Each structure stands twice: as structure tokens, then as C-alpha cells.
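J.: Once you've looked at the hints, dock chain U against the given chain S.
Below are the chains, spelled out letter by letter.
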Amino acid sequence: MTPAAVVFYILASLALLSAVMVIWSRNVVHSAIYLVLTFLCVAGVYIVLRAEFVAAVQVLVYAGGIVVLFLFVIMLVNLAGTLGPRVRVHATVSAIVGCAAVALLLYVSASGGLDTDFGARIDLSAQGGNLQAVGWALYSDYLLPFEIASLLLLVAMIGAIVLARQKY
Amino acid sequence: MPVPPVHALVFSLLLFAVGVLGVLTRRNAIIILMSIELMMNAANINFIAFGLRSHDLTGQVFAVFTIAVAAGEVAVGLAVVLALFRNRDTVYVDEVHIMKG
Chain S
240 MTPAAVVFYI
250 LASLALLSAV
260 MVIWSRNVVH
270 SAIYLVLTFL
280 CVAGVYIVLR
290 AEFVAAVQVL
300 VYAGGIVVLF
310 LFVIMLVNLA
320 GTLGPRVRVH
330 ATVSAIVGCA
340 AVALLLYVSA
350 SGGLDTDFGA
360 RIDLSAQGGN
370 LQAVGWALYS
380 DYLLPFEIAS
390 LLLLVAMIGA
400 IVLARQKY
Chain U
9 MPVPPVHALV
19 FSLLLFAVGV
29 LGVLTRRNAI
39 IILMSIELMM
49 NAANINFIAF
59 GLRSHDLTGQ
69 VFAVFTIAVA
79 AGEVAVGLAV
89 VLALFRNRDT
99 VYVDEVHIMK
109 G
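Residue numbers (the working numbering), protein chains in the order written: chain S, 240 to 407; chain U, 9 to 109.
Chain S with its partners taken away, still in its complex shape:
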């Protein structure tokens, strides 16, 4: 195994472990902290998969922005130590979803469409990663979706402000 593969497996297992802790811990603040750990590990996985730009955006937006938003709301609602029920398993729904996902994965891997290695044909020679390439793509080929995304964020911001106002 190469060092990159070792890093991938370590980060993946750490991310899964902390993701389980997100839904397992009864304290909501602990869940938010474990969520940060999950996001950082997934960002590391992105770097291993040669997606440096997405990794940077992941750290900035998820670990920096969304988790802070979660923490603000946790402080605002102030559940005052009320620990909810830990888990309540809906056995039938869980079984259906799990079996469907496993069947789908088995079908895709058995049909032989995934037998090449990652990065076999990707250009790994760029020194600063693919930041520049993704930036060019965003501002040339995907300019209209990019602007629509900014419009969506504006709408979301206005909606959030209206919803969270004190007086209607």
C-alpha cells in the first residue's frame, strides 16, 4: 500500500467513527464537535482523491460556517440538559433501505464497471493541485450555474432571516 492509500483508510475509518458518534452521542454539542471531525476527515479524503479545491471549500464552508451555525442554534434553543431518547430503530424501513443500498453496490461492482484504479488517467503533474483548473471551469463553462447558485444563496439568506425573525 502506498502512503496515500494508508492515509485514505485511516481518514475514512476516523470519519465513519466520528459520524457514528454524531448520531450516537446524546449531547447535541458533542454531536456538533464530532461533526467537525467528520468534515475535516472527509476533506482529507478529498485531498487523497485529488480534489484540493473541494477540500478547501469543505473546510471553509462546512467546518468553518455550517458547524458554527449549528452551534449558534444549539445555544439559542437552550435545551437545558434535556437528553432526548438515544435511538429508536424503525426496523422495517432500516432493513429496506440497507438491503437496497447493499444490493445496488453489489450490482454495480459485479457488473465490472469499477475495476480500474483511481487516478490512472488523471493528470497528477500540476504543482498547486487543480485549484486553477476548477476555478477556470467555474468561471467559464459553469458561469451560469455559478451565478444561479449565488442567487440561491441570496434567497436562502432572505428566507432564513424571515423565518427566524422575532415578530411576524
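Careful: at least some of the hints might be erroneous.
[As the list claims (entries may be wrong)] Here are some chain U residues pointing at chain S (derived, C-beta under 8 Å):
1) 26
2) 43
3) 44
4) 45
5) 101
6) 104
7) 107
[What the hints assert, rightly or not] Listed below are several chain U residues computed to face chain S (Cβ distance under 10 Å; list not exhaustive):
8) 16
9) 39
10) 50
11) 82
12) 94
13) 106
14) 108
Quick caveat, the hints were computed from the structure, so don't treat them as lab data.
Predicted model, so just to flag it, every value in this text is computed and none were measured.
Note that CB positions come from ideal geometry on N, CA and C, so glycine has one too.
T.: Below, chain U alone, put in the same frame as chain S:
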């Protein structure tokens, strides 16, 4: 880069499964939103993995858009949670059944 593609997909599937488990089993609306974020991360890993395999940047661009949509979604979702807490004094979705008939 000898990470077999199936392993990345299995990682993504497991992360998605954890998110589904969180949505189905937890009753706290904030935890449910966190689980939705976990599922979006799993989808992003799939985008990047398949995009890398087909030597195309589209997967990464799509992942960036997914992150932007996730940011908007979580802002609106948390605002809904805040409004819910102001009006009903709870964030547990079991206790919100006013439209259940």
C-alpha cells in the same frame, strides 16, 4: 493512486448509511439536519470519485455546487428549527404533529 474505487464507494455508502440511520432514529431536529449533512458529504465523495475516474472536472464542480446548496439548506433548516422552538418550545419532531390529522 492505488485506492480501489470500490473502497471509496464503500466508504461513501457507509457514511450515507450512518446519515440515514441518524435521520430514522433520532428525534432531535438539529441532529436530523446534521445527518442530512453527512449524507450530502457521502454524495460529494461519489461525485469526486467518479469524476476522477473519468478524468473530468465536472464531478468536482458539482461537488462545489452541492456544498453551496447544503449551506443554503442548513441555514433555512436551522431557521425553521428556531421558529419551531419559538412557537412550540420543542425541537423534537415527535412532538410536532399538528398536521397529522
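J.: With a cut-off of 8 Å on the beta carbons, see whether residue 44(U) makes it to chain S.
T.: Residue 44(U) check fails; min Cβ-Cβ to chain S is 11 Å, beyond 8 Å.
J.: Does the closest beta carbon of chain S sit nearer than 8 Å to the beta carbon of residue 101(U)?
T.: violated (10 Å)
J.: Hey, does the residue 26(U) contact hint survive, CB to chain S under 8 Å?
T.: Holds - the Cβ of residue 26(U) comes within 8 Å of chain S, reaching about 4 Å at its closest.
J.: Can you verify the interface hint for residue 16(U): is its Cβ closer than 10 Å to any Cβ in chain S?
T.: holds (7 Å)
J.: Would the stated hint for residue 45(U) survive a check requiring a Cβ distance to chain S of less than 8 Å?
T.: holds (7 Å)
J.: Once the shortest beta carbon distance from residue 82(U) to chain S is found, is it less than 10 Å?
T.: Since the shortest Cβ distance to chain S is 5 Å, the answer is holds.
J.: Let me know if the C-beta of residue 107(U) comes in closer than 8 Å to any C-beta of chain S, holds or violated.
T.: Violated - the Cβ of residue 107(U) stays beyond 8 Å from chain S, reaching only about 17 Å at its closest.
J.: Let's test the interface hint: is any C-beta of chain S closer than 10 Å to that of residue 94(U)?
T.: holds (8 Å)
J.: Taking the least C-beta to C-beta distance, is residue 50(U) closer than 10 Å to chain S?
T.: At 9 Å from the nearest chain S Cβ, residue 50(U) passes the 10 Å test, so the hint holds.
J.: Min Cβ distance, residue 108(U) to chain S: is it shorter than 10 Å?
T.: violated (17 Å)
J.: Under the criterion of a CB-CB separation shorter than 10 Å, is residue 106(U) in contact with chain S as hinted?
T.: violated (17 Å)
J.: Is the interface hint satisfied for residue 39(U)? The criterion is a beta-carbon contact with chain S at less than 10 Å.
T.: holds (6 Å)
Comparing the model with each earlier hint shows violations of hints 3, 5, 6, 7, 13 and 14; every other hint is respected.
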